[in-house]
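Listed in order, the protein sequences are those of chains A and B.
Just so you know, we're using numbering that gives the first Met the number 0 here: the first sequence kicks off at 0 and counts up by one.
Just so you know, we're using numbering that gives the first Met the number 0 here: the second sequence kicks off at 0 and counts up by one.
Quick caveat, the hints were computed from the structure, so don't treat them as lab data.
There could be a bad hint or two in this list.
[Claimed, not checked] Chain B residues, not near chain A, derived (Cβ > 10 Å throughout): (1) Ile5; (2) Ser11; (3) Lys27; (4) Arg82; (5) Glu83; (6) Ala94.
[As the list claims (entries may be wrong)] Pair by pair, the computed Cβ-Cβ distance ranges are: (7) Gln74(B) / Arg37(A): 51 to 59 Å; (8) Leu102(A) / Lys50(B): 21 to 29 Å; (9) Lys75(B) / Pro66(A): 25 to 33 Å.
[What the hints assert, rightly or not] Okay, derived cross-link-like pairs now, DSSO-like style, lysine-lysine, Cα gap no bigger than 30 Å in a straight line: (10) Lys40(B) / Lys116(A); (11) Lys40(B) / Lys136(A); (12) Lys92(A) / Lys32(A).
We put the beta carbon where it would ideally sit given N, CA and C, even for glycine.
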Amino acid sequence: MNLLGIIFAAAMIVFSPVSVLPQDVKAPQFELKDLNGRIVRLSDYKGKVVLINFWATWCPPCRAEMPDLVRYQRQYRKQGLQIIGITYEPESKTRLRRFARSLKVNYPIVLGSPQIKARFSSEETLPLTVVINRDGKVSDVIVGILLHEEFDEKIKPLLMKNVEGG
Amino acid sequence: MRNRIISLVVSSVMVMTLGVITAAAFTKTATIKVEGMKCAKCSSSVAKALKATEGVEDVQVSSEKGEAVIKYDDQKLTEAKLREVINGTGFKAVAEPGQ
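Isolated chain A, as found in the complex (with noise of 0.2 Å):
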């Protein structure tokens, strides 16, 4: 990207009323402790496709999405989908754990802040997923219930391509 595209990037993210990363941008990294106090960084994830998936146990649509999200991450881990669940006070890690448990969550959910959410969007919509592709940069941020279409369409694609790019 030369000088002038990210004066645009930056232009675009100041002024818009409601700020999303543009694609193709390298994701903001981040270091978060997960539900047992172990340290997940994004930089774990490297030559993965990546969805950072913000949402809230009081929240019904990130409620509703779960189980889906815990089948994606079984049926595509082969092909590199990683999926962080990042929520945020005032959850308490009890019934975090507890629903986690209850859901059989297969990725890590970990304690962001709003700030962090704040990195990637300036949307306060519930849930939001980043997506994140091999190469560690923002490919789509998803805003709402991740729908099947949206997942076929935005997510599919970068999992049938190789670290390579194949």
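On the provided structure of chain A, position chain B as indicated by the hints.
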């Protein structure tokens, strides 16, 4: 020749009118009460899921009123299907008495 043009125009108008009437006849409006839509942050998923449903022509969702007003093609969809879509977003479409 003049008569032919007139009859062509008249039949075209009739066909167009019939088309408009038919389309209007297929469009229905449903107002569905939705339980649990207290946060505006998450109720946008209801509108998103409904808009993605084939046959839905327009959607207005109000978290204040707790309802969704949906214009849809009743040849492609039923109100029951609309309720199913709403329930799929984690909220609860309240059944009207007698449903």
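Taking the hints in turn, this is what the structure says about them:
Taking the minimum C-beta to C-beta distance to chain A, about 49 Å, the non-interface status of Ile5(B) holds against the 10 Å cut. For Ser11(B), the shortest C-beta to C-beta distance to chain A comes to about 38 Å, beyond the 10 Å cut-off, and the non-interface label holds. Annotated as non-interface, Lys27(B) keeps its C-beta farther than 10 Å from every C-beta of chain A; the closest such distance is 23 Å. With a closest Cβ-Cβ approach of about 14 Å to chain A, Arg82(B) is found to remain outside the 10 Å limit, as its non-interface label requires.
The non-interface label for Glu83(B) is consistent with chain A: the shortest C-beta to C-beta separation is roughly 12 Å, beyond 10 Å. Remark: the non-interface label on Ala94(B) is consistent with the geometry, its nearest Cβ contact in chain A lying 18 Å away (cut-off 10 Å). At about 54 Å, the CB distance of Gln74(B) to Arg37(A) agrees with the hint of 51 to 59 Å. Between Leu102(A) and Lys50(B) the Cβ separation comes to about 27 Å, which falls inside the hinted range of 21 to 29 Å.
The given range of 25 to 33 Å is respected by Lys75(B) and Pro66(A), whose C-beta atoms sit roughly 27 Å from each other. The hinted pair formed by Lys40(B) and Lys116(A) meets the criterion: a straight-line CA distance of about 14 Å does not exceed 30 Å. Distance restraint check for Lys40(B) and Lys136(A): the Cα-Cα separation of roughly 26 Å lies within the 30 Å cut-off, and the hinted pair is therefore satisfied. For the suggested pair Lys92(A) and Lys32(A), the alpha carbons sit about 11 Å apart, so the restraint of at most 30 Å is met.
Of the numbered hints stated above, none is contradicted by the structure.
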